[in-house]
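Protein chains in written order, with this note's numbering: chain A, 1 to 282; chain B, 283 to 500.
Check the hints yourself; a few may be wrong.
List of simulated lysine to aspartate or glutamate pairs, DMTMM-like, C-alpha gap at most 25 Å [what the hints assert, rightly or not]: (1) B:Lys402 to B:Glu495; (2) B:Lys386 to B:Glu299; (3) B:Lys386 to A:Glu279; (4) A:Lys149 to A:Glu82; (5) A:Lys277 to B:Asp294; (6) B:Lys389 to A:Asp280; (7) B:Lys389 to A:Glu55; (8) A:Lys238 to A:Asp101; (9) B:Lys408 to A:Asp101; (10) B:Lys402 to A:Asp211; (11) B:Lys402 to B:Asp379; (12) A:Lys250 to A:Asp239; (13) A:Lys149 to A:Glu168; (14) A:Lys152 to A:Glu282; (15) A:Lys39 to A:Glu282; (16) B:Lys499 to A:Asp280; (17) B:Lys389 to A:Asp84; (18) A:Lys200 to A:Asp161; (19) B:Lys499 to B:Asp294; (20) B:Lys482 to A:Asp84; (21) B:Lys408 to A:Glu47; (22) B:Lys402 to A:Asp280; (23) A:Lys277 to B:Glu395; (24) B:Lys386 to A:Asp280; (25) A:Lys200 to A:Asp280; (26) B:Lys402 to A:Glu282; (27) B:Lys482 to A:Glu282; (28) A:Lys213 to A:Glu55; (29) A:Lys277 to B:Asp379; (30) B:Lys499 to A:Glu82; (31) A:Lys152 to A:Asp280; (32) B:Lys482 to A:Glu279; (33) A:Lys205 to A:Glu55.
Note that these hints are calculated values from the structure, not bench results.
Residues per chain, in single letters:
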Amino acid sequence: MPSNMEIRRISATLSPSTGVRETPKVAKLIDTTTCIGCKACEVACQEWNDLQSEETQQFGTYQTLPDLTPNFWNLIRFNEHEEDGQFAWLMRKDQCMHCEDPGCLKACPAPGAIVQYNNGIVDFNQANCIGCGYCISGCPFDVPRLNAKSGKVYKCTLCSDRVSVGLEPACIKACPTGCLQFGTKGNLLDIAEKRVGQLKAQGFKNAIVYDPKGVGGTNVITILAYGDRPELYGGLPKDPKVPAYLGLMKVVLKPLGNLLMLLSVVGAFAHFMRFGKREDHE
Amino acid sequence: MANAQAVVGKPDQDFVEGNLVVRHSLSIRVAHWWVAVFFILAFLSGAALYSPRFFFLTNLFGGGYTARQLHPWFSVLFTLGFVPLFLRWVNQMAWTDSDANWVKNFKRYMRYEEIPDVGKFNAGQKLFFWAAVLGGLVLLLSGVVIWFPTSFPLWLRYLSYPLHEILFILFGIAIIYHIYITLFALGGTLRAMTRGTVTKNWASSHHPRWYDEVRRKG
Ligand code: HEM
Ligand code: SF4
Ligand code: SF4
Numbered sequence: 001m002p003s004n005m006e007i008r009r010i011s012a013t014l015s016p017s018t019g020v021r022e023t024p025k026v027a028k029l030i031d032t033t034t035c036i037g038c039k040a041c042e043v044a045c046q047e048w049n050d051l052q053s054e055e056t057q058q059f060g061t062y063q064t065l066p067d068l069t070p071n072f073w074n075l076i077r078f079n080e081h082e083e084d085g086q087f088a089w090l091m092r093k094d095q096c097m098h099c100e101d102p103g104c105l106k107a108c109p110a111p112g113a114i115v116q117y118n119n120g121i122v123d124f125n126q127a128n129c130i131g132c133g134y135c136i137s138g139c140p141f142d143v144p145r146l147n148a149k150s151g152k153v154y155k156c157t158l159c160s161d162r163v164s165v166g167l168e169p170a171c172i173k174a175c176p177t178g179c180l181q182f183g184t185k186g187n188l189l190d191i192a193e194k195r196v197g198q199l200k201a202q203g204f205k206n207a208i209v210y211d212p213k214g215v216g217g218t219n220v221i222t223i224l225a226y227g228d229r230p231e232l233y234g235g236l237p238k239d240p241k242v243p244a245y246l247g248l249m250k251v252v253l254k255p256l257g258n259l260l261m262l263l264s265v266v267g268a269f270a271h272f273m274r275f276g277k278r279e280d281h282e
Numbered sequence: 283m284a285n286a287q288a289v290v291g292k293p294d295q296d297f298v299e300g301n302l303v304v305r306h307s308l309s310i311r312v313a314h315w316w317v318a319v320f321f322i323l324a325f326l327s328g329a330a331l332y333s334p335r336f337f338f339l340t341n342l343f344g345g346g347y348t349a350r351q352l353h354p355w356f357s358v359l360f361t362l363g364f365v366p367l368f369l370r371w372v373n374q375m376a377w378t379d380s381d382a383n384w385v386k387n388f389k390r391y392m393r394y395e396e397i398p399d400v401g402k403f404n405a406g407q408k409l410f411f412w413a414a415v416l417g418g419l420v421l422l423l424s425g426v427v428i429w430f431p432t433s434f435p436l437w438l439r440y441l442s443y444p445l446h447e448i449l450f451i452l453f454g455i456a457i458i459y460h461i462y463i464t465l466f467a468l469g470g471t472l473r474a475m476t477r478g479t480v481t482k483n484w485a486s487s488h489h490p491r492w493y494d495e496v497r498r499k500g
């Protein structure tokens with residue numbers, strides 16, 4: 001399924017988007033109920049993206065590292081959960097969610113450091129990144145990571161380089177159980193809903209497809225058996241939103257500030273035209 | 283005080299010298315221009331990140347990456363320069379009854395009418411001073427959070443970004459008027475900060491009470 005890489009949004013850019021083509025949204029489906037925690041996706045991500053390997057840490061779980069890092073964009077989070085005398089191992093693939101309304105892109109002050117393609121992929125362009133870290137605070141999922149050496153931020157690209165030539169992302173290719181799937185978002189939502197139906201029939205009454213509306217939906221959708229408590233899955237936020245301060249700054253403060261500073265110059269000039277220079281008495 | 287000055291030597295400002303009055307000492311003038319230079323550098327490199335309209339200003343600083351690296355250091359140097367200014371000026375910036383009178387007469391001041399009973403600094407200058415001190419403090423604190431975002435909790439970052447921006451806008455407005463007043467509107471004022479001296483006419487028409495005090499001292 002090759003996808004054109006026409007750009008829909010560019011960070012810190014006032015000109016309108018370029019999109020005229022109708023591009024289907026590409027998406028990744030993560031089914032946490034069939035993940036076996038083998039970490040093949042972690043390795044595939046490291047390999048395809050030529051990322052330096054991180055030294056793993058032992059901190060009392062099977063999780064490879066405590067957190068995402070600038071060199072580690074795909075982390076299976078392990079959580080032990082007990083309920084009604086039943087033990088469950090909740091494993092979720094943590095990565096960039098490729099939000100429809102990306103807080104990272106909204107926060108970014110550098111033109112072209114973050115782009116969103118028509119197909120829904122949100123991609124960082126490190127050549128234009130100025131290393132300010134604004135995207136880190138703007139992201140509701142705490143995904144971008146700053147590399148101290150290069151001074152730039154990194155995250156999952158949804159393998160935009162593979163997708164553009166009709167290949168599926170490396171993690172999808174590696175997954176042995178089929179718990180990771182790639183396709184158009186519409187198709188994957190159908191598949192996911194069917195699976196949620198099965199789960200409900202099996203007694204997981206709160207099973208959901210996690211596709212949070214507060215960020216306009218995401219192009220990485222996740223099936224959760226305990227959908228009423230997404231926090232159980234390594235701190236997935238229940239109701240993530242594009243942070244309100246971004247709207248305040250973009251919609252109110254910047255236009256207002258520009259106007260007030262412009263008016264100040266005009267006001268000073270008007271005063272000068274009316275009163276000129278003050279001279280002192282003798 | 284007069285005796286102490288006799289022992290250490292001449293005071294460094296606030297005395298008559300020939301036809302002129304010495305208004306600002308050399309050390310104050312150096313500190314002021316230090317502050318002004320680093321303020322403007324911080325302002326321009328900050329403006330570049332404030333709005334895509336001004337991103338072209340990063341070219342003055344060697345590109346976006348270096349602008350972002352330099353901006354906080356400009357601000358640190360700006361703040362350091364403000365310390366001696368604050369220490370020398372804070373006593374003269376206390377609010378008095380005659381300042382309330384000046385504020386009442388603000389419209390007349392704008393029309394260049396002379397206001398009586400104005401000391402070394404008028405109420406407008408005092409307000410600018412306190413706005414710069416308090417605003418500078420908020421800028422500095424919110425700036426540190428933005429400088430090292432991952433070292434601070436999310437709620438503090440959510441607060442700091444808009445605060446920093448609001449203060450930037452207020453400083454922008456304030457500096458436009460400060461420059462307009464000192465450079466364009468009030469003839470004979472700029473030399474107070476360059477050579478340090480003003481004419482006797484300037485002193486008695488802008489700051490009559492200060493001029494009287496200086497004259498009485500001799
Ligand atoms: C950039 C940050 C600056 C700050 C924070 C600052 C602050 C101050 C303050 C607090 C005063 C004493 C009160 C007053 O006269 O209003 C002062 C005096 C003065 N400033 Fe600035 N200033 C800055 C920049 C500038 C610039 C860019 C210029 C001119 C191009 C300038 C010219 C003057 C002059 C001429 C005075 C003396 C006024 C007098 O003696 O009555 N300043 N400055
Ligand atoms: S760190 Fe880079 S990508 Fe993130 S907001 Fe800053 S310039 Fe944009
Ligand atoms: S998850 Fe974070 S980094 Fe990824 S698109 Fe959304 S806001 Fe941007």
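Hints, verified against the model:
1. B:Lys402 to B:Glu495: holds, 9 Å
2. B:Lys386 to B:Glu299: Status violated; Cα separation ~34 Å.
3. B:Lys386 to A:Glu279: holds, 22 Å
4. A:Lys149 to A:Glu82: violated, 42 Å
5. A:Lys277 to B:Asp294: violated, 29 Å
6. B:Lys389 to A:Asp280: Distance of about 18 Å is within 25 Å: holds.
7. B:Lys389 to A:Glu55: Between Lys389 (chain B) and Glu55 (chain A) the Cα gap is close to 69 Å, so the pair fails against 25 Å, i.e. violated.
8. A:Lys238 to A:Asp101: holds, 17 Å
9. B:Lys408 to A:Asp101: Violated, because 46 Å separates the two Cα atoms, which is more than 25 Å.
10. B:Lys402 to A:Asp211: Violated, at roughly 65 Å.
11. B:Lys402 to B:Asp379: Holds: Lys402 (chain B) and Asp379 (chain B) sit about 14 Å apart, inside 25 Å.
12. A:Lys250 to A:Asp239: holds, 22 Å
13. A:Lys149 to A:Glu168: With a Cα-Cα distance of about 30 Å, the restraint between Lys149 (chain A) and Glu168 (chain A) is violated, given a limit of 25 Å.
14. A:Lys152 to A:Glu282: Answer violated: Lys152 (chain A) to Glu282 (chain A) is near 63 Å, above 25 Å.
15. A:Lys39 to A:Glu282: At roughly 87 Å apart (the allowed maximum being 25 Å), Glu282 (chain A) and Lys39 (chain A) break the hint.
16. B:Lys499 to A:Asp280: holds, 23 Å
17. B:Lys389 to A:Asp84: With a Cα-Cα distance of about 76 Å, the restraint between Lys389 (chain B) and Asp84 (chain A) is violated, given a limit of 25 Å.
18. A:Lys200 to A:Asp161: Violated - the C-alpha atoms of Asp161 (chain A) and Lys200 (chain A) are around 37 Å apart, more than 25 Å.
19. B:Lys499 to B:Asp294: Given that 25 Å is the threshold and the Cα spacing comes to 14 Å, the pair holds.
20. B:Lys482 to A:Asp84: With Cα atoms ~90 Å apart, Lys482 (chain B) and Asp84 (chain A) exceed 25 Å; violated.
21. B:Lys408 to A:Glu47: violated, 63 Å
22. B:Lys402 to A:Asp280: This hinted pair holds, its Cα atoms lying about 16 Å apart.
23. A:Lys277 to B:Glu395: The given pair, whose Cα atoms are some 12 Å apart, holds under the 25 Å limit.
24. B:Lys386 to A:Asp280: With Cα atoms ~22 Å apart, Lys386 (chain B) and Asp280 (chain A) stay inside 25 Å; holds.
25. A:Lys200 to A:Asp280: violated, 87 Å
26. B:Lys402 to A:Glu282: Measuring from Cα to Cα gives roughly 20 Å; hence the hint holds.
27. B:Lys482 to A:Glu282: holds, 9 Å
28. A:Lys213 to A:Glu55: Distance of about 36 Å is beyond 25 Å: violated.
29. A:Lys277 to B:Asp379: violated, 28 Å
30. B:Lys499 to A:Glu82: Outside the cut-off at roughly 85 Å; violated.
31. A:Lys152 to A:Asp280: Given that 25 Å is the threshold and the Cα spacing comes to 57 Å, the pair is violated.
32. B:Lys482 to A:Glu279: Distance of about 13 Å is within 25 Å: holds.
33. A:Lys205 to A:Glu55: Answer violated: Lys205 (chain A) to Glu55 (chain A) is near 40 Å, above 25 Å.
The structure does not agree with the numbered hints 2, 4, 5, 7, 9, 10, 13, 14, 15, 17, 18, 20, 21, 25, 28, 29, 30, 31, 33 stated previously, though it agrees with the rest.
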